[in-house]
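Here is how the chains run, residue by residue.
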Amino acid sequence: MNKNLVIGVPSKGRLSEQTCEAFAKVGLHILKIGSKRGYRGEIEGIINLEVSFISAAEIANSLITGRIHLGVIGEDLIREEIIGANDRVKFLRKLNFGHADVVVAVPDCWIDVRRMRDVESAAQTYRRHHHRRIRVATKYMNLTRQHFIHHGISDYRIVESLGATEGTPTSGKADMIVDITSTGETLKANNLRILDGNDGVILRSEANLVASNTIKWIPETREIENEILSQFDLK
Amino acid sequence: MSAETARKFQALEDQARNILNIFCTAHYEAVAPSIIQPADIFLDVVGEDLRNRTYVFTDPEGAELCLRPDLTVPTCRLHWQRYNSTSATRRYCYNGSAFRFQPTGSASTNPREFRQAGIEYFGSKQYEVAESEILALIIKTLKSVGLQDFEIRIGDVGIFDTLLNTLDIPARWRQRLKMQFCRPNAFRTALEELSSRPAAVLPGVPEDLIRDLSNAKSSTAEQIIFDYLGHHKIEFIGARTISEIAQNLTAMVEDAKRDPISVTTRELLEAYLDVEAPVRAAGARMRDLLQASGLSLSGALDIYDRRIKNFTAAGIDLSKLYFSANFGRRLEYYTGFVFEVHSPSIDADTPIAGGGRYDKLMRAVGATADVPAVGAMIHTERLLHVVEGNLL
Chain A
78 MNKNLVIGVP SKGRLSEQTC EAFAKVGLHI LKIGSKRGYR GEIEGIINLE VSFISAAEIA
138 NSLITGRIHL GVIGEDLIRE EIIGANDRVK FLRKLNFGHA DVVVAVPDCW IDVRRMRDVE
198 SAAQTYRRHH HRRIRVATKY MNLTRQHFIH HGISDYRIVE SLGATEGTPT SGKADMIVDI
258 TSTGETLKAN NLRILDGNDG VILRSEANLV ASNTIKWIPE TREIENEILS QFDLK
Chain B
428 MSAETARKFQ ALEDQARNIL NIFCTAHYEA VAPSIIQPAD IFLDVVGEDL RNRTYVFTDP
488 EGAELCLRPD LTVPTCRLHW QRYNSTSATR RYCYNGSAFR FQPTGSASTN PREFRQAGIE
548 YFGSKQYEVA ESEILALIIK TLKSVGLQDF EIRIGDVGIF DTLLNTLDIP ARWRQRLKMQ
608 FCRPNAFRTA LEELSSRPAA VLPGVPEDLI RDLSNAKSST AEQIIFDYLG HHKIEFIGAR
668 TISEIAQNLT AMVEDAKRDP ISVTTRELLE AYLDVEAPVR AAGARMRDLL QASGLSLSGA
728 LDIYDRRIKN FTAAGIDLSK LYFSANFGRR LEYYTGFVFE VHSPSIDADT PIAGGGRYDK
788 LMRAVGATAD VPAVGAMIHT ERLLHVVEGN LL
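Protein chains in written order, with the numbering used here: chain A, 78 to 312; chain B, 428 to 819.
These are computed hints drawn from the structure, not numbers from a lab. For glycine and all other residues, C-beta sits at the position ideal for the given N, C-alpha and C. Treat the hints loosely; a few may be bogus.
Unchecked claim - If you want the ones that stay clear, here's a sample from chain B, every Cβ over 10 Å from chain A, calculated:
id : residue
1  : 514
2  : 550
3  : 595
4  : 607
5  : 612
6  : 616
7  : 665
8  : 675
9  : 678
10 : 698
11 : 704
12 : 732
13 : 816
Claimed, not checked - According to the in silico footprint, chain A covers these stretches of chain B (three or more CB under 8 Å from chain A):
id : region
14 : 494 to 501
15 : 649 to 662
Using the sequences provided together with the hints, build the complete structure.
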């Protein structure tokens, strides 16, 4: 039986670099094994640990299917991809990078819409005028649905959008959006405005170290998990 | 998974045959609508909430399709494609698979692939007679396949709508309460707000704009908003028109001037939603409530009484029937009478059969006017589970 602990780390881009930096800061040095373009690695000095470089979306999936013990991933992806996340994974440490908010934004010219409740009333007028439900473009289908249910809004349709979501109200593909933003500049540039207060912010996300509750943990893997966590706590 | 054992499969098949026989003998035409359906219609009818329980997929040409989450909408489509008429009167029955994702995992009483046996009765303008026919046939069917111990919960979404219509409150408030009827928590919040501080519907909207709109005629409201946007250099984008925004904002300004919903009215609504009793007692209770409030709601209550009379005429045992004003709230497409059959051997959230009236549903598949429609379906796995015990 394999007694190694497997940790999933983003394979590409800024998130990958920041993960390595954050780990290095607490004395955990992530190294690639073999080719620089390879997908396997280790943490210097910790035996019985494998690093698996995979895409961010795959980390969520691997955590619930039990292919990895630990993973570094944004909370937004966890909440979006994993139904019942609180039972199926455990959030271990916030990593203080990858900050971004999942927000609800409407065209700035909708001066009658400042809260979710106003969306509901706009949706009613909209249905009368356009004979269809108001359209929300997003890639966060589950987060959007939960937020809208929470506010008692059902008269809308989700338009799945995998890129350039903030352009959909202007292009006419959708009427409003749920998207991720860190500074809000892109939204502003596209004449969009975030709804007031908590109505506008579905989730304040950042990268997290997350453990799978689905995978079978044995004393050996627990020990390595504790070793990693203690490094973070020393800091 | 349904039919996971050969034995269970056989038992379900046998039961299905019996059920369909009874439906057909009662002159319901057996139909088999398509399993793959356009996703649009379902999402439009039931909204986004059901999307995470529906298997939605995209075909190679990009069309958004789904595995049918129920058979009522597919049967409506079949009927509409055949007759394209709001007056065609037809009875249908079916027994077929439907598919729903079960967030907490597939269980024997909640499989992701399950078989619905159902009946639909379209076009009959004898509303209460049709409702009694459907309920009586379902009871007869359940009994004849061996269900002995059961209780029936009935409700009527229409009574609440009628009640709201008789209240002297702004149309938008009424609409809001109607929309939130099926979401008890949001409904409570809405009622709370409208009966205490309706003026608070306007935070964030600049005061000078409110002042200008307050004195404006509707024709000038659009111009005021147009000027406001121009003055603040706000780009106008999106499908919503200036006139929509003007209408909505003007209505908000008007509503804010109205008195909150009175304590009496609020208490009446709450008292109504608390009504839960055997059918006759419930009828009497509702009459008392209305008499005390001085509102006239006799139309809706006459329908209620007529329905009860028809139940008796159809041979339905009234002692098994409970009325609950709250019931029907979770099911958005019902427009009037609703019912659910419960067995004491499975939990209260898991009905064995259910149905009701949904006169607006045909619109979703193309009709330009309401079509009287009442129907019901049996969860065949649950029925088998109760009738045969937990031995499968």
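Consistency of the hints with the structure:
Its beta-carbon lying about 23 Å from the closest one in chain A, residue 514(B) satisfies the requirement of being farther than 10 Å from that chain. Non-interface call for residue 550(B) relative to chain A: holds, since the shortest CB-CB distance, roughly 24 Å, exceeds 10 Å. Consistency note on residue 595(B): stated as away from chain A, and its beta-carbon is indeed over 10 Å from all of that chain's, at 20 Å minimum. With a least beta-carbon separation of about 5 Å from chain A, residue 607(B) fails to lie farther than 10 Å from that chain, contradicting its non-interface assignment.
Against the 10 Å criterion, residue 612(B) falls within the reach of chain A, whose nearest CB is about 7 Å from its own CB. The claim that residue 616(B) is not at the interface with chain A is violated, since a C-beta of that chain comes within 10 Å of its own (minimum 7 Å). Non-interface status of residue 665(B) relative to chain A is broken: a Cβ of that chain comes within 10 Å, the nearest being about 4 Å off. Not every CB of chain A lies more than 10 Å from the CB of residue 675(B), the least distance being 5 Å, so the non-interface label is violated.
At the 10 Å boundary, the C-beta of residue 678(B) falls inside the reach of chain A, the nearest C-beta of that chain being 8 Å off. Its beta-carbon lying about 22 Å from the closest one in chain A, residue 698(B) satisfies the requirement of being farther than 10 Å from that chain. Taking the minimum C-beta to C-beta distance to chain A, about 28 Å, the non-interface status of residue 704(B) holds against the 10 Å cut. With a least beta-carbon separation of about 32 Å from chain A, residue 732(B) lies farther than 10 Å from that chain, consistent with its non-interface assignment.
With a least CB separation of 31 Å from chain A, residue 816(B) remains clear of the 10 Å interface cut-off, as annotated. Counting residues of the region 494 to 501 of chain B whose C-beta sits closer than 8 Å to any C-beta of chain A gives 0, which falls short of three, so the coverage hint is violated. For the region 649 to 662 of chain B, the proposed coverage by chain A is satisfied: 5 residues have a C-beta within less than 8 Å of a C-beta in that chain, meeting the threshold of three.
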